[in-house]
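2 protein chains.
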Amino acid sequence: MLNDYVRPEQPSKEDVRERVRAEQSKLSTYGMKIKEAKLPVMVIFEGWGSSGKGSAIANVIKNIDPRFFQVATMDKPATPDELRKPFLYRYFIEIPEAGKFKFYDSFWMNEVTRDRIEGRLNDEDYEKRIRSINVTERQLTDNGYLVMKFFFHISRKEQKKRLQGLLADKNTRWRVSDADLQENKHYDKYLSVYDKYLKDTDRSQAPWYIIDASNRKWAELQVLSYLNLGIETAMKNQSLAVPILQNTFPLKHMPLLSEVALDKSLTDEEYKERLDELQAELHDLHNKLYRKKIPVVIAYEGWDAAGKGGNIKRITGALDPRGYTVHPIASPEPHEKARHYLWRFWNRLPKTGHIAIFDRTWYGRVMVERLEGFCSENDWQRAYNEMNEFEKELADWGAVVIKFWVQIDNQTQLDRFTDRQNTPEKQWKITDEDWRNRDKWDLYEDAVNEMLQKTSTTYAPWYILESVDKKYARIKALEIVIDSIKKAF
Amino acid sequence: MLNDYVRPEQPSKEDVRERVRAEQSKLSTYGMKIKEAKLPVMVIFEGWGSSGKGSAIANVIKNIDPRFFQVATMDKPATPDELRKPFLYRYFIEIPEAGKFKFYDSFWMNEVTRDRIEGRLNDEDYEKRIRSINVTERQLTDNGYLVMKFFFHISRKEQKKRLQGLLADKNTRWRVSDADLQENKHYDKYLSVYDKYLKDTDRSQAPWYIIDASNRKWAELQVLSYLNLGIETAMKNQSLAVPILQNTFPLKHMPLLSEVALDKSLTDEEYKERLDELQAELHDLHNKLYRKKIPVVIAYEGWDAAGKGGNIKRITGALDPRGYTVHPIASPEPHEKARHYLWRFWNRLPKTGHIAIFDRTWYGRVMVERLEGFCSENDWQRAYNEMNEFEKELADWGAVVIKFWVQIDNQTQLDRFTDRQNTPEKQWKITDEDWRNRDKWDLYEDAVNEMLQKTSTTYAPWYILESVDKKYARIKALEIVIDSIKKAF
Numbered sequence: 148m149l150n151d152y153v154r155p156e157q158p159s160k161e162d163v164r165e166r167v168r169a170e171q172s173k174l175s176t177y178g179m180k181i182k183e184a185k186l187p188v189m190v191i192f193e194g195w196g197s198s199g200k201g202s203a204i205a206n207v208i209k210n211i212d213p214r215f216f217q218v219a220t221m222d223k224p225a226t227p228d229e230l231r232k233p234f235l236y237r238y239f240i241e242i243p244e245a246g247k248f249k250f251y252d253s254f255w256m257n258e259v260t261r262d263r264i265e266g267r268l269n270d271e272d273y274e275k276r277i278r279s280i281n282v283t284e285r286q287l288t289d290n291g292y293l294v295m296k297f298f299f300h301i302s303r304k305e306q307k308k309r310l311q312g313l314l315a316d317k318n319t320r321w322r323v324s325d326a327d328l329q330e331n332k333h334y335d336k337y338l339s340v341y342d343k344y345l346k347d348t349d350r351s352q353a354p355w356y357i358i359d360a361s362n363r364k365w366a367e368l369q370v371l372s373y374l375n376l377g378i379e380t381a382m383k384n385q386s387l388a389v390p391i392l393q394n395t396f397p398l399k400h401m402p403l404l405s406e407v408a409l410d411k412s413l414t415d416e417e418y419k420e421r422l423d424e425l426q427a428e429l430h431d432l433h434n435k436l437y438r439k440k441i442p443v444v445i446a447y448e449g450w451d452a453a454g455k456g457g458n459i460k461r462i463t464g465a466l467d468p469r470g471y472t473v474h475p476i477a478s479p480e481p482h483e484k485a486r487h488y489l490w491r492f493w494n495r496l497p498k499t500g501h502i503a504i505f506d507r508t509w510y511g512r513v514m515v516e517r518l519e520g521f522c523s524e525n526d527w528q529r530a531y532n533e534m535n536e537f538e539k540e541l542a543d544w545g546a547v548v549i550k551f552w553v554q555i556d557n558q559t560q561l562d563r564f565t566d567r568q569n570t571p572e573k574q575w576k577i578t579d580e581d582w583r584n585r586d587k588w589d590l591y592e593d594a595v596n597e598m599l600q601k602t603s604t605t606y607a608p609w610y611i612l613e614s615v616d617k618k619y620a621r622i623k624a625l626e627i628v629i630d631s632i633k634k635a636f
Numbered sequence: 148m149l150n151d152y153v154r155p156e157q158p159s160k161e162d163v164r165e166r167v168r169a170e171q172s173k174l175s176t177y178g179m180k181i182k183e184a185k186l187p188v189m190v191i192f193e194g195w196g197s198s199g200k201g202s203a204i205a206n207v208i209k210n211i212d213p214r215f216f217q218v219a220t221m222d223k224p225a226t227p228d229e230l231r232k233p234f235l236y237r238y239f240i241e242i243p244e245a246g247k248f249k250f251y252d253s254f255w256m257n258e259v260t261r262d263r264i265e266g267r268l269n270d271e272d273y274e275k276r277i278r279s280i281n282v283t284e285r286q287l288t289d290n291g292y293l294v295m296k297f298f299f300h301i302s303r304k305e306q307k308k309r310l311q312g313l314l315a316d317k318n319t320r321w322r323v324s325d326a327d328l329q330e331n332k333h334y335d336k337y338l339s340v341y342d343k344y345l346k347d348t349d350r351s352q353a354p355w356y357i358i359d360a361s362n363r364k365w366a367e368l369q370v371l372s373y374l375n376l377g378i379e380t381a382m383k384n385q386s387l388a389v390p391i392l393q394n395t396f397p398l399k400h401m402p403l404l405s406e407v408a409l410d411k412s413l414t415d416e417e418y419k420e421r422l423d424e425l426q427a428e429l430h431d432l433h434n435k436l437y438r439k440k441i442p443v444v445i446a447y448e449g450w451d452a453a454g455k456g457g458n459i460k461r462i463t464g465a466l467d468p469r470g471y472t473v474h475p476i477a478s479p480e481p482h483e484k485a486r487h488y489l490w491r492f493w494n495r496l497p498k499t500g501h502i503a504i505f506d507r508t509w510y511g512r513v514m515v516e517r518l519e520g521f522c523s524e525n526d527w528q529r530a531y532n533e534m535n536e537f538e539k540e541l542a543d544w545g546a547v548v549i550k551f552w553v554q555i556d557n558q559t560q561l562d563r564f565t566d567r568q569n570t571p572e573k574q575w576k577i578t579d580e581d582w583r584n585r586d587k588w589d590l591y592e593d594a595v596n597e598m599l600q601k602t603s604t605t606y607a608p609w610y611i612l613e614s615v616d617k618k619y620a621r622i623k624a625l626e627i628v629i630d631s632i633k634k635a636f
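So the sequence lines, in the order shown, correspond to chains A and B.
Count along the first sequence starting at 1, add 147, and that's the number in my numbering.
Count along the second sequence starting at 1, add 147, and that's the number in my numbering.
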């Protein structure tokens, strides 16, 4: 892209100045407009050292009310904690809220290309990252984000001139880093890595804009006019649904809930004996897991009163509390609701060697959010694929991903609800909402069936826990967790 | 993709047979459904020699009524005529009509990977092709096509076994080609080229399905179930608008029509003298063009009675009739309307060394089709980018692309209409529709302005021909054509 890039014709100095003013005044009106439209805008600046990204950001934000934007500088190395999360993590948690601009002084391109050039990424890992980035950028735009990506391009000669200019003055000398000098010295090598990255991540939903940065004012005009056009296009697209993607993930065949036999049970003695054995085994595995730095994600979904809580307790009962977290998932907070719906789960990922247990999960999207109309039909239809993609990221990172559906029949739920209602110390566990959800049993059952069919992948399969006999379900869960962890070793 | 591909678990023989039957009967009902929904379905089979593509196609079509599908075998080399068209041409003209299946026994992947392996495509040209293919597949899906791409994957050992089996029997020996043997011999080399191609063209709108083709029945099950799922998804998507893409093409700044001074004119003497000179020059250039094999596309749009016909005549007057074609563009025929709206223009491209002049063009999409409601708002809003992409293909192929807007003012049109009405030998030139269009002058003017702003690229610019004085417009057109061709040399 950098080699065969058609440079747009640069207008005269006066023309540039006049058009910059016009674009600036347009942009200044967009702050309020994107706030009203709840449009989140990511503006990513990448490019050569000394190509003027910093001053371009400074000039662009000058025209926006400070309440409407944030700036993030992402070119610092990952912290030790961040290194124990997936590559995408530290970027994903930085996405803006709906209705705000966020400007990024370099983003994942910077990290990936540096790692590539400095030999820290082999072909296979490079391609994994490219896939992760493309999937994420598409997920963001599908979910209403505007993602604008600018690459500031200057020639080797121009870069050299600027670096020498900075070095010549003792007040600016500090701004030239070793990395900048390396880049200029091995310009062609960097060019080919940048060029490949730009090609590999140039997608129709989030295309690259190559900015001719040979002149600062002219670069500013290009950024401003592309940005304004991009905002106009995104405003038009906001009301549109997004095409559902085809599923290309390897699926495991799942039964319908109505086909699941629920008469399985254990005697108290069988239960106690197995429980002790399995918890001891899991305890040992947890230590091993920690040493091998394998992260584990366990997702629980199921009917109200199916016995999720008690089931989770039997897992955590075997674990060292320093090595796991249980995340009870309720409705999202306002700052969570203002972002991509997976954001709050990205934020709760375990570190390597740790276990995260989710009591209810991202699958709320295709159950409660679907049935209560908390998201659009297009949103939940798209979500099956987005969750398969999310879990693929976790699996590729090396995580063990286990998903449980805790299953009971309608009558069992009624019995347990009635029992809760009639037992004073259990009454807190039952709410009007539980009774309302019960009325929608059939709709939920359809939704669950569709979810199981569409999201049980070979790398993150669903397991049904028959929980009319809770003891049976607990033992089965422990066995599956143990098996899955063993397979990962 | 082939290296790290997660093979789905193969069910038992009986399961496969049973599920194949279920998928077959589902597919057999889809013929009528896609006809009713006017959904065009492209099913592309690529893969290793002897991987069983042919028999898979045979088994799949068995379940579809012959009125609903066609099969195209695309692995023959391009004809000499096809070689004088852009690479995409011979594929694009083979797209199916709305409401029909078309099965392809190999498609552009086959040609590109062969050319790559056999050294006929350098890096740059390979990347151009990848870009062309990605753009086209996206354009097709954006315009309602379902594009399913299957790659039949077998191991080197399995392929060898099959080839030896075929060679051992004199009745099947002929089915083993030299190319197949080469492929098996240099399996790893082919694998890496295939793998790269699959990665380079795996896009969310038209993803690749890797088919585990180690067993024929199992391969058939995979194809059938992916195909059925794909059709179901496409049916759901049919009612959805498609997001408008951001413009990343280098645009030329264009004036508004109201800013164009129309008082330019030539005396009869000036006109005659310049006309003779310029036509002589163009005549010479046409010969040179032919020898240099440069194709030229000249597009004319403009107000009714602006003088397009007479202007075109002054161009063709200078040309050897064997080297150009004028295409008058009226409303599309039914078989044209049933396909992507650019199909009829792909079909009318010049050969290298030839000139194609379009009297009205693909820009009808954003003028008459927009204003008369012949396409949806989403269709014409998407079209600006699609046309920039179409013309980029032509420019990358080496074509000179020139676009004229023939401009007059409202009063001049009224005068010319009145003159036509009152002059018996000119009456055929004026219809009720012309008068009706006149009433929408302001709407058309807005549409033309938007078109000029959004589609005047550096590689296919618009030129405004001031045609109140037709002589002036003719001379200007000739000058621009001559200049543009000269620049291409």
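Honestly, the hints are just simulated from the structure, not real lab data.
Cβ atoms here follow ideal geometry from the backbone N, Cα and C, with glycine treated the same way.
Watch out, some of these pointers could steer you wrong.
Unchecked claim - Straight line, CA to CA, 27 angstroms or less: simulated BS3-like cross-link-like pairs of lysine-lysine:
no. : chain 1 : residue 1 : chain 2 : residue 2
1   : A       : K399      : B       : K275
2   : A       : K275      : B       : K346
3   : A       : K346      : B       : K336
4   : A       : K399      : B       : K383
5   : B       : K209      : B       : K182
6   : B       : K383      : A       : K343
7   : A       : K383      : B       : K383
8   : A       : K633      : A       : K601
9   : A       : K336      : B       : K182
10  : A       : K383      : A       : K182
11  : B       : K209      : A       : K343
To be verified - Covered stretches of chain B (in silico footprint by chain A; criterion: 3 or more residues with CB under 8 angstroms from a CB of chain A, positions within the stretch not fixed):
no. : stretch
12  : 478-492
13  : 504-517
> Keeping to a limit of 27 angstroms between CA atoms, is the pair of A:K336 and B:K182 held or broken?
Replying inline: Status violated; Cα separation ~53 angstroms.
> Are the Cα atoms of A:K399 and B:K275 separated by 27 angstroms or less?
Replying inline: Roughly 38 angstroms between the alpha carbons, so the hint for A:K399 and B:K275 is violated.
> Does A:K601 lie within 27 angstroms of A:K633 when you go C-alpha to C-alpha?
Replying inline: holds (26 angstroms)
> Given the hint that B:K209 pairs with B:K182, does the C-alpha gap stay at or below 27 angstroms?
Replying inline: Cα-Cα ~18 angstroms, so holds.
> Between A:K383 and A:K182, does the CA-CA distance stay at or below 27 angstroms?
Replying inline: Given pair A:K383, A:K182 holds - Cα atoms ~15 angstroms apart, limit 27 angstroms.
> Does the alpha-carbon distance linking B:K383 and A:K343 stay inside the 27 angstroms limit?
Replying inline: Since the Cα atoms of B:K383 and A:K343 sit roughly 36 angstroms apart, the hinted pair is violated (cutoff 27 angstroms).
> Is the Cα-Cα distance between B:K209 and A:K343 27 angstroms or less?
Replying inline: Roughly 44 angstroms between the alpha carbons, so the hint for B:K209 and A:K343 is violated.
> Regarding the pair A:K383 and B:K383, is the alpha-carbon distance no greater than 27 angstroms?
Replying inline: holds (22 angstroms)
> With a Cβ-Cβ cutoff of 8 angstroms, does the stretch 478-492 of chain B contain at least three residues near chain A?
Replying inline: violated (count 0)
> Are the Cα atoms of A:K399 and B:K383 separated by 27 angstroms or less?
Replying inline: holds (23 angstroms)
> Is A:K346 close enough to B:K336, meaning Cα to Cα at most 27 angstroms?
Replying inline: holds (23 angstroms)
> Holds or violated: the stretch 504-517 of chain B covered by chain A, criterion of 3 or more residues with Cβ-Cβ distance under 8 angstroms?
Replying inline: Coverage by chain A is violated here, the residue count being 0 at a Cβ distance below 8 angstroms.
Consistency note: the structure conflicts with the earlier hints numbered 1, 6, 9, 11, 12 and 13.
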